[in-house]
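A.B. asks: Protein sequence lines correspond, in order, to chains Z and S.
Residue numbering for the first sequence follows our numbering, starting at 111 and increasing by one per position.
Residue numbering for the second sequence follows our numbering, starting at -13 and increasing by one per position.
Hints are not guaranteed to be accurate.
Taking lysine-lysine and the BS3-like style, the derived pairs with C-alpha atoms no more than 27 Å apart in a straight line are [what the hints assert, rightly or not]:
| no. | chain 1 | residue 1 | chain 2 | residue 2 |
| --- | --- | --- | --- | --- |
| 1 | Z | Lys332 | S | Lys407 |
| 2 | S | Lys313 | Z | Lys157 |
| 3 | S | Lys566 | Z | Lys301 |
| 4 | S | Lys382 | Z | Lys142 |
| 5 | Z | Lys301 | S | Lys313 |
| 6 | Z | Lys161 | S | Lys295 |
| 7 | Z | Lys157 | Z | Lys358 |
| 8 | Z | Lys157 | Z | Lys301 |
Don't read these hints as lab results, they were simulated from the structure.
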Amino acid sequence: MKKIILLFFIFVSISMSISAQTPKEIYIDANKQYEIGNFNAAIQLYKSLLKQDWQSSNLYYNLGNAYFKTGKNGLAILNYEKAKVLCPRDEDIKFNLEYVNALAIQSEEKQANFLTGFFVGVYDILSASELSILFTIVYFCLVGLICISFFRKNGFLRTPIIVLSVCAVIMGSWALVKISSVEKPYAVVIKPDSNIRSGPGIEYAAGYLLPEGKKILVLQNKEGWCEVGLRSESLKGWIEQENIEIIK
Amino acid sequence: MKKIVIFILLWVIFVPLCSAQEISISSSVDRAQVSLDQQAVLRITVSGNVPNLSQPQIPPIPGFSIYSSGQSQSVSVVNGQMSSSIVFSFVLTPQKIGKYIIPQMNLQYAGKVFSTNPINIEVVAGQAVPAPSQSQSASQAPAQSNGPVFVVGSVDKKTAYVNEQITYSFRFYRAVQLFSNPQYKPPDFTGFWMEDLPPQSTYYQDVNGQRYFVVELKTAFFPTAPGEYTIGSANLVCSIEDFSSNDFFRSFFSGGKTQTLATEPIHIKVLPLPQNGKPKDFSGMVGQYKISAETDKTNIECNQPITFKITVSGKGNIKTISQPQIKELRNLRKYETIASLNVSKENYTVQGSKTFTTMLLPQVPGNLEIPQITTNYFDPVEKVYKIISVPPIGLKVTPSTKPASPIPAAFAAKGIKFLNKDIRYIKTNSLFSKKSKPFYGQPWFLLLQFIPLIALLLSFFYSRHYNRLVNDKRYARLHTAYGVAAKILKNTEKGDPAATACAVSDALINYIADKLNLPAAGLTSSIIKNELKKTGIDNELMDEILKIIERCDFAKFAPAKILQDETNQLYDNTAAIIEKLESFFKKRKK
């Protein structure tokens, strides 16, 4: 009888582990596949996690790494960008994104001057979600202090209120800028050498080629075509929707 | 050997005849002035019947090193008179500039000592005035010279384009035996790119009916710039049989004679390359060339290196072949090029190939292409510029399964050597969240932002009320009246009729006092009646209030006469009255 119970437990535990893998287990599995160099299997596992609506910056980062190892630089950049949205201050994500960008687009790394580099660094410290939470906290504290000040007229709360309101304004505008930039429909070219045409259709002449991994802004969609813009090069054109993927 | 045999024969025959003759000795040098790079020959002639002569002892001569170059003996019979002479030759090599004296030399023969006279000799720097007759035997055309040895320098063409091969031939003709290895001094090729063309060839040639043995040396040279040039003389120093005398015997027995032979300078005109039809990106190559290119593999994984070789081969100055440019390499990263040279000199033409090896690294999978590679050269034979090219090479690149190959570090930080540049490793921290709209997009988050605004409004208005309660006594009484009364009623114990009545009247009077802002103590029915009238209360309610107060007073002072039920009713009535008054005052306020 005891043996039967034991067997039952073993059976249950095995079947549980097979049928209902927790996301953590799938993730560990995927990392193992990556470790032994089976990058395609790792990609499938990471993607299955994404299909179950799980997400984390590390997941996107690892998926990007796996794509890079299989030579798909465009998809690697796309996933690094996604990871960066969730965790903009992560050095590894930044490093790999820059590295693959340099490799794929062959662009000279822009030598940012110290001041802009500093501001970009500060700007990248917090993600949009973190900024919105932080703003909410500051905002709540500020309102609370103001409420208290209604009942205590002696004015000792004035300094903290001024400080907090400055903080709230900074946080609020920072969060708004961040959110608007994150929410912009940026996309990454995921197929090598995609044609950019002058209109939505193959009949239009191809104006130029975009390298795989190029980050572009989607302006509008029309029947399987997207109008895209490159702000830094001030170019505009139409690209097939399947050639790009939106980051957000 | 032959000569020695003949010599011995003659000697055996003639020695007895000459035995009684006296001998004489003399010495001479072939030139009085010698330069450092030349040699002088000292001859000591012993004439007379000298069958058994040992070599004379030469004392060391200052400023010269001496070595013997043999002896020769001649015997002549004239009119039955026989004379013989032995010539001892010594080569003097000067070592220092200056004037020297060759001292007298002594020869012992048959108990007698014979001496020579001292000779003056001068050693000068550089090229001395060449000794007459011999060193000028060289001339350009073999037909002009009938000497036993002469040298000729010639070129295959006297006009050439820049960087076109000119072949210089140096020929040494000789009809006699050499006594030592000749020393060749090549001409001065300043202004040219020189290339030796081994091997030297040897053959026989007839010149003016005389058979000569010819040694031919060839040198290729390439002009580096247009203009007029002169190729200087080439020199050859050799030691040959002495043919200065037609004497049969002397020709047999003469020793080596050192000769310096020189060629005549040659003038060359170097033409610039024609401007007509010159490609803009002219490579500077002159000759005949072919180009080819190959890769070590055409199917490759992404990020694995390919070896790409471009070979330019042909005739011309191989060393100056420039690297053909690879234009527009798409998706292929190119590394430094290494050139290797393979020169051959077959048929005395400089030819060969130069191979440029480059590493290419495909960066994306797919069908890539190494574009057409083109270079050009000038053909000096046809006098036209020619363009040569290799067709594009297709590459099939599959996605990589291996980690990316090492990329040479383009930069090196202090003390750090970059061996491999790769992406950073994956992260193992498994902390997930369900994919959802970010906070700032959630409706509840946006609603949350309104809560503080509402709180702000509420607290603002409440603070006004609160501050009035604190500061305004009348306001405070007005607002707390109902609460106080309700509290008193609530705390009333219903067991004792007297206490109940007391509490009820307290509550009611206090309430009215608070509402009217009057002191509660000493508030009598009449005062209440007067004050309440001012507020415009209806009489019915007023009567009820007064009645309750009266009943309470009665109960207070005669508790025995009041039943419990009545006080309870009184309590209920009071509560109702206070409610009514509260709503009345609220209405009045408005």
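A.B. asks: Each hint: holds or not?
C.D. replies: Against the structure, the hints:
1. Z/Lys332 to S/Lys407: Violated, because 41 Å separates the two Cα atoms, which is more than 27 Å.
2. S/Lys313 to Z/Lys157: 40 Å, violated
3. S/Lys566 to Z/Lys301: 82 Å, violated
4. S/Lys382 to Z/Lys142: The hint is violated at about 30 Å.
5. Z/Lys301 to S/Lys313: 24 Å, holds
6. Z/Lys161 to S/Lys295: With Cα atoms ~48 Å apart, Z/Lys161 and S/Lys295 exceed 27 Å; violated.
7. Z/Lys157 to Z/Lys358: Distance ~16 Å between Z/Lys157 and Z/Lys358 Cα, so the pair holds.
8. Z/Lys157 to Z/Lys301: 19 Å, holds
In summary, the numbered hints that this structure violates are 1, 2, 3, 4, 6.
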